[in-house]
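Sequence order for the protein chains is A and B. For the first sequence, position 274 (counting from the first letter as 1) is numbered 544 according to the numbering used here, and the numbering increases by one without interruption. For the second sequence, position 219 (counting from the first letter as 1) is numbered 489 according to the numbering used here, and the numbering increases by one without interruption.
Simulated from the structure, these hints should not be mistaken for laboratory data. Misleading hints may appear alongside valid ones.
Chain copies aren't distinguished; within one or between two, either way the pair holds.
Cut-off 20 Å, straight-line C-alpha distance, at most; resulting in silico cross-link-like pairs (SDA-like, lysine to any residue) [what the hints assert, rightly or not]:
1) Lys383 with Ala518
2) Lys331 with Val360
3) Lys383 with Asp517
4) Lys331 with Arg407
5) Lys383 with Met521
6) Lys364 with Ala343
7) Lys535 with Leu338
Just so you know, these numbers come straight off a predicted model, no measurement behind them.
2 protein chains.
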Amino acid sequence: MNGHVTSGVWCPTLTPLDSALEPDLPLLTEHLSWLLDQGCQGIVLFGTTGEANSFTVEERKRLLEGILATGFAPDRLIVGTGCCSAGDTVSLTKHAIANGCPRVLVLPPFYYKGVSEQGTIDAFSWEIDAVADDRLRFFFYRIPQMSAVDITAAVIETLLERFGPLIAGLKDSSTDRESVEVLCRRFGERLDVLVGSERFLKRALECGASGCITATANVQAPIVRALFDSPSDEAQQRATRARETYDALSMIAALKAATARRTKKNGWLRVRPPLVAASPLGE
Amino acid sequence: MNGHVTSGVWCPTLTPLDSALEPDLPLLTEHLSWLLDQGCQGIVLFGTTGEANSFTVEERKRLLEGILATGFAPDRLIVGTGCCSAGDTVSLTKHAIANGCPRVLVLPPFYYKGVSEQGTIDAFSWEIDAVADDRLRFFFYRIPQMSAVDITAAVIETLLERFGPLIAGLKDSSTDRESVEVLCRRFGERLDVLVGSERFLKRALECGASGCITATANVQAPIVRALFDSPSDEAQQRATRARETYDALSMIAALKAATARRTKKNGWLRVRPPLVAASPLGE
Chain A
271 MNGHVTSGVW
281 CPTLTPLDSA
291 LEPDLPLLTE
301 HLSWLLDQGC
311 QGIVLFGTTG
321 EANSFTVEER
331 KRLLEGILAT
341 GFAPDRLIVG
351 TGCCSAGDTV
361 SLTKHAIANG
371 CPRVLVLPPF
381 YYKGVSEQGT
391 IDAFSWEIDA
401 VADDRLRFFF
411 YRIPQMSAVD
421 ITAAVIETLL
431 ERFGPLIAGL
441 KDSSTDRESV
451 EVLCRRFGER
461 LDVLVGSERF
471 LKRALECGAS
481 GCITATANVQ
491 APIVRALFDS
501 PSDEAQQRAT
511 RARETYDALS
521 MIAALKAATA
531 RRTKKNGWLR
541 VRPPLVAASP
551 LGE
Chain B
271 MNGHVTSGVW
281 CPTLTPLDSA
291 LEPDLPLLTE
301 HLSWLLDQGC
311 QGIVLFGTTG
321 EANSFTVEER
331 KRLLEGILAT
341 GFAPDRLIVG
351 TGCCSAGDTV
361 SLTKHAIANG
371 CPRVLVLPPF
381 YYKGVSEQGT
391 IDAFSWEIDA
401 VADDRLRFFF
411 YRIPQMSAVD
421 ITAAVIETLL
431 ERFGPLIAGL
441 KDSSTDRESV
451 EVLCRRFGER
461 LDVLVGSERF
471 LKRALECGAS
481 GCITATANVQ
491 APIVRALFDS
501 PSDEAQQRAT
511 RARETYDALS
521 MIAALKAATA
531 RRTKKNGWLR
541 VRPPLVAASP
551 LGE
């Protein structure tokens, strides 16, 4: 982990919603403090688990500002900013940097299918050029099972060469363990590589990863943190088993339901369509 | 075709771009007039072929306003308004209606994978309720190979029951011919069903479709129009053969390249990343 700026267990926070399905800032603020108390080194705002793409650009900006206004430390945040349109990605990225959050997690444009490596390189380059800010710390968000666009070693290599220190990391949420290990080995010295699941964490750390950004940290951060701190086989097995409960379910709704049970606050059950709540409110 | 409000050959227009990759309104205006001269009954603005999801909400609103300011008849337009976030879909839909274009073509939210029928119903219902305008004429945009979310008969049936005349049609761009025929037969009397490819057009018309919205109308509308006007086997074969050239290529870039050749305007070659131009500008 020598020289890694971003390491450890980061939680892609759930986004609690009020009865109008708008983000519920008081509930979120409570959750973020609790996550840090549970051992998370930091928070990813607006990852897939946070239902990022169900919110407008304005809603996303307002929530980040709201969190920071509560006194939350911006250096504990990575902000998801990758949208389908470059204009939206650039707008969210500039806003995050202006608010003291230079670390952004960027999906490739995810509407088109069969996108070429060149197309992905062009899209990221266009966005980084338009942001035009040396403070930028860009994290690739690799999640091909959801975005349907891969981020290959060739894409990363080309952008590292073109933009140097602006390229800070990779969140690798691919479910293909072998390709994750290949990218950890290849880029672990030059980038902060955080894997998207604790299932791979021990092996990924051995291959050069600096940590993980995992949805289940919303409910069981201490187990993941223990694995990160002492990556033994036993710790890995324990974390893998603890995760299985959620892998078998619709993850986001299930994590919200678990949080509703823990906090005894049924508002936590709410999701934005097209997701469906794990159980009706009031049950 | 008795009683169909929207029928015939509609063209999902390409979006020409200037050197800053912003929409080029003069080129687009020329293209729209030419398409109507070529026999298109109307235009779909911001379909997949128009690179809709590569533009921000503001860019999309501005372009619609620009087109209408040139005197283009709003009743010749269907406007694509479906985004990942309901707020964006609602904002674009309200804007289209306010500008005299009540017919909107709406993708389901397309980031999540494995979305349930209930989730899709919830998402569309939420959007239609929020638009809250009886002038709305809602067209489902079924294109599962791109959006990764299907629009099933159960989804359509539920929303028809819930919203009645606000549900006006279906653009069915599925590549699965059999499912297209099933939906044409089931909904052809109650909705304007337009298929997404002229390859299915003769058969779809026999099954109750009212027409098609096909990307290749950007370059060969007369062939598609002839098939619509006289749906013989020969006309179908001719249209299918003419389309094959483009099916074999990256469709949007290829259609833009063909338009650049026809108009001798190289600006037409430009696409927004992650698409890649068919050949470099200047060649």
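Okay, the hints, checked on the actual structure:
For a Cα distance limit of 20 Å, the shortest separation of Lys383 from Ala518 across copies, 15 Å, qualifies, whereas the shortest one inside one copy, 27 Å, does not. In the homo-oligomer, the alpha carbons of Lys331 and Val360 lie at most 20 Å apart both inside one protomer (12 Å) and across protomers (19 Å), since each shortest distance falls under that limit. Taking the shortest alpha-carbon separations for Lys383 and Asp517, only the inter-copy value of 15 Å comes in at or below 20 Å, while the best intra-copy value is 26 Å. In this assembly of identical chains, Lys331 and Arg407 lie within 20 Å of each other by CA distance solely inside one copy; the values are 18 Å within and 32 Å between copies.
Taking identical chains as interchangeable, the C-alpha atoms of Lys383 and Met521 lie at most 20 Å apart only when they sit on different chains, with a minimum of 12 Å there against 24 Å within one chain. Taking the shortest Cα distances, Lys364 and Ala343 sit within 20 Å of each other inside one copy (18 Å), while across copies they are farther apart (38 Å). For a Cα distance limit of 20 Å, the shortest separation of Lys535 from Leu338 qualifies neither inside one copy, at 23 Å, nor across copies, at 49 Å.
Hint check: a violation occurs at hint 7 only; the rest are consistent with the structure.
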